[in-house]
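Take the two lone chains and join them into the complex the hints point to.
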Amino acid sequence: MAQVKRPLSPHLQVYRWGWHMAASIINRATGVALAFGSVLLTWWLVAMATGHDYFDQVQGYAGSIIGRLVLFGITFALMQHLAGGIRHLFMDAGKLYELKANTSSARLTFVFSIVMTIVIWVAAYKVMGVM
Amino acid sequence: MTDMKTPLAKVHGLGSAKDGTHHWWVQRLTALANIPLVIFMVVSFVGNAGKGHAEWVAWLKQPLVSVLVILFVANFVYHMRLGLQVVVEDYVHDKGTKVATMVLITFACVLIAALSIFSVLRIAFGG
Chain A
9 MAQVKRPLSP
19 HLQVYRWGWH
29 MAASIINRAT
39 GVALAFGSVL
49 LTWWLVAMAT
59 GHDYFDQVQG
69 YAGSIIGRLV
79 LFGITFALMQ
89 HLAGGIRHLF
99 MDAGKLYELK
109 ANTSSARLTF
119 VFSIVMTIVI
129 WVAAYKVMGV
139 M
Chain B
15 MTDMKTPLAK
25 VHGLGSAKDG
35 THHWWVQRLT
45 ALANIPLVIF
55 MVVSFVGNAG
65 KGHAEWVAWL
75 KQPLVSVLVI
85 LFVANFVYHM
95 RLGLQVVVED
105 YVHDKGTKVA
115 TMVLITFACV
125 LIAALSIFSV
135 LRIAFGG
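Chain order of the listed sequences is A and B. Just so you know, we're using the numbering used here here: the first sequence kicks off at 9 and counts up by one. Just so you know, we're using the numbering used here here: the second sequence kicks off at 15 and counts up by one.
So that you can see chain B by itself, here it is in the shape it has in the complex (with noise of 0.2 Å):
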């Protein structure tokens, strides 16, 4: 039997790419994690307001503080990405625009947890 669809037809018939929820779902995901760890960042800066150098770094070194500030710097990051990418589809309606847009802000995201983590590991090791 011929098939008489167009190529645009035929992609129409094979349904959903099955990830449509999954934006959704990460971002409230990572929104879950980021309540207790946004409670940990809050009162690690209220209980270290003022002091010095030496005593961050003794603070950070600490083993669970460096794991924590880790896993806060890579949720935020991805929750962070998940809804900038919200906010440039609802108002950069130009194609070309809202790619670009979307590259910088990845390429951003990928440099801040890179530089902050990179930063905490240095400590935590001792640089």
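Chain A on its own, in the form it takes in the complex (with noise of 0.2 Å):
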């Protein structure tokens, strides 16, 4: 019998995308990156327990554009993975599995990231007598 070449998981190619289904890829991979992100803060972490002149240098990479963006995607990969995790504890226990709930639960989570994370740094902004 001749072998069928069927699609293998996780189908990212053959199904049409839905708001769920987004929820669900963008959760995994906003654990990944933040797994990157982890590395940073233990670099910080170290600098902090090296001294005041290597911290300041770190502190100067971490505020320079590219720190700054690379700290905006890690803020808005943590806010999205928070988010994406709190909906599968609530799916962990039954929940939320009806179409409707599932889908509009989803779409909150990205609601929830995009918002906290422009929050936040406007905070962060203040704090910092910039804005």
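Treat the hints as calculated values from the structure; they're not laboratory data. Watch out, some of these pointers could steer you wrong.
[Stated by the list, open to error] Covered, in the sense of this in silico footprint (three residues per stretch, anywhere, with C-beta under 8 Å from a C-beta of chain B), are these stretches of chain A: (1) 27-35; (2) 54-64; (3) 94-103.
[What the hints assert, rightly or not] Straight-line Cα separation of at most 30 Å, BS3-like style, residue types lysine-lysine; simulated pairs: (4) B/Lys24 to B/Lys112; (5) B/Lys109 to B/Lys19; (6) B/Lys75 to B/Lys65; (7) B/Lys112 to A/Lys13; (8) B/Lys75 to B/Lys19; (9) B/Lys19 to B/Lys32; (10) B/Lys109 to A/Lys13; (11) B/Lys75 to A/Lys134; (12) B/Lys24 to B/Lys109; (13) B/Lys32 to A/Lys103; (14) B/Lys32 to B/Lys109; (15) B/Lys32 to A/Lys134.
Using N, Cα and C, we set each Cβ at its ideal position, and we do this for glycine too.
In structure tokens form, the structure reads like this:
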């Protein structure tokens, strides 16, 4: 019998995109992105323990344009993974499986992460006295 | 009575190792614990935005802050190790590559936790 080449999981290329699918994939992607972010957090803590001069240097990298872009991305990834994670905890408890609730909660995770990312950055700039 | 079963069949008859849901459960447990810890970290980063070395050290030296940062690191590293394992299991199909990747990820996770926690302790105990 001839072997049929069926598409393998996670079927990204065969299904039509929907909010629930996007939320699921983004949750995994942001999780992996945050793993790289954790290296930066470690670097920052090591720099703080190393001393004043090296800490200032690392803070300088963080405050550069590229540094800010990376931190902005990490903020979004963290908020999206947080919202997506909470949604998954509800699903683990057997909730949000009805199509409507599933889709709207998936959409809500994106609303949450975008709003929270902006709120966090505006608040940080206000604390710094830049805004 | 002579046992006619093959060694493989005998193992199959023993049932599960009774830890089938452990990975799943701990991933949820660490996810739950991460919620307040992440909120604490974000509030701290915003509240201390733009501060210099002395102020950050003074912040981290507070006993409760030291403990919370250590708990955050330990908890998220465990969560990260479990999450990355699932990703590797889904996408890496060659057994040798899979085992090698997981060994590397585990070592990296332990290194991240050790460096971070040691740094916090060094500051907390006035290094």
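Discussion item. For each hint given before, does the structure comply? Return the numbers of the non-compliant ones in rising order.
Written reply: 1, 8, 15
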